[in-house]
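With the hints as extra help, turn the sequences into a complete structure.
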Amino acid sequence: MRKFPGFWNKNNEGPPDLDEVFKDLNQKLNRMFGGKGGQGGPKANGPAPQPLPIAPILGLVALIWLGSGFYIVDQGSRGVVLRFGKHVETTTPGPRWHLPFPIETVENVNLEQVRTIELGYRSFEGESGRSKEPRESLMLTDDENIIDLQVAVQYNLKSVEDYQFSNRSTEESVRGIAETAIREVAGRSKMDFVLYEGRDEVAAKAKKLMQEMLDRYQSGVHVVNVTMQNAQPPEQVQAAFDDAVKAKQDLERQKNEGQAYANDVIPRARGTAARLGEEASGYKLRVENEAKGNADRFEQILTQYNKAPEVTRQRLYLDAQEHILSNTSKVLVDQKGGNSLLYLPLDKLMSATGAAGGTNAAPAAEKPAQESSQSDAGVLDRTRDAMRSRDREYR
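Everything in the sequence shown is counted per this note's numbering, starting at 3 for the first residue and increasing by one.
Source of the hints: derived by calculation from the structure; they are not laboratory data. Keep in mind the model is a prediction, meaning the values are calculated, not measured. Do not take every clue at face value.
Stated by the list, open to error - Calculated lysine to aspartate or glutamate pairs in the EDC-like style (CA-CA distance at most 20 Å, straight line):
{"hint": "1", "residue 1": "Lys248", "residue 2": "Glu259"}
{"hint": "2", "residue 1": "Lys286", "residue 2": "Asp298"}
{"hint": "3", "residue 1": "Lys207", "residue 2": "Glu120"}
As the list claims (entries may be wrong) - The following label-pair restraints were derived from C-beta to C-beta distances:
{"hint": "4", "residue 1": "Tyr73", "residue 2": "Glu22", "range": "17 to 27 Å"}
{"hint": "5", "residue 1": "Ala271", "residue 2": "Asn329", "range": "34 to 44 Å"}
{"hint": "6", "residue 1": "Ala271", "residue 2": "Ile326", "range": "40 to 50 Å"}
{"hint": "7", "residue 1": "Arg170", "residue 2": "Pro104", "range": "52 to 62 Å"}
{"hint": "8", "residue 1": "Asn265", "residue 2": "Ile303", "range": "27 to 37 Å"}
{"hint": "9", "residue 1": "Ile326", "residue 2": "Ile303", "range": "34 to 44 Å"}
{"hint": "10", "residue 1": "Arg170", "residue 2": "Lys257", "range": "36 to 46 Å"}
{"hint": "11", "residue 1": "Asn265", "residue 2": "Ile326", "range": "48 to 58 Å"}
All C-beta atoms, glycine included, are put in the ideal place defined by N, C-alpha and C.
This is the structure we're talking about:
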């Protein structure tokens, strides 16, 4: 008969009986928990084992379990305490304690963290760094044109309770609401307004509409900023659109050139017209003043004529002769009455004096010209005096 080693059979005489095995196990358990062992068995005469310190072990385990309930809430975050899955309280930043697992659990939610939703594109690390999402970016405008918009939405949280318990997937909700708001604003605007003039206004309207929708759904999300990353026509019509843009730019350039030419010509024409008007006004005033002066002088002469007709007539005659003779180069000398006058070539002296004054000859010739003109003036004065004396003799 083959022998097998037994649990307490040192002589290896055969397998032990199952009743003895269970009996020995029961005695060990009783001694471990402080009970008395049985009388029989192979180890009844050996040293009794020492009982384990159950109470200190249980106390240490309890302290460790209770200590696992301590947690720290970071600045800008909130701690959401759940008791068997039900919301109990929301704790503020600092060290806190809750009933350990599995009774209560804590989720730290960062309120100040700015999260970003990309609409119409996706950013990733690589050579290109960005991929398009035509399903999200292609939108229809009010004038029935298709545009390609890429928008980035930044948001944070303003209500932890709404964020945790009122939404199943906050990121997908924000993405869907952002796409809805952008499509609505673009659908109410013209293509040129969205692409050029009103990009900031479109982003502001979309942000306002998104916040209204998120508040209506009690999402606990606050929209920080909406930025239009890119706005352009679809790639299929980009070349034709560029040609249209260039033609429009040429039109604006020609308009600006025409406006610049008009701004140059019109002020000069207005200045010329104003100058002519002022000259005409000055000429009118001069003529009127001369006419008034002549009328006043005529009235004064008429008054003197009424007082002394003969004297006035003679005076007018002499003034007329003086005016006529001052503009001619001929000199008339009357030698009647015994007055002998030395004949001088006055006409040549006067012509030489006029030529010297008109050409501005050398400075050395200026003094003789002045002396000759003074002598000519003296001769003319003497001639006038002679004529006046002759008139007195006749009278």
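Please write out, lowest number first, the hints stated earlier that are contradicted by the structure. 4, 7, 8, 9, 10
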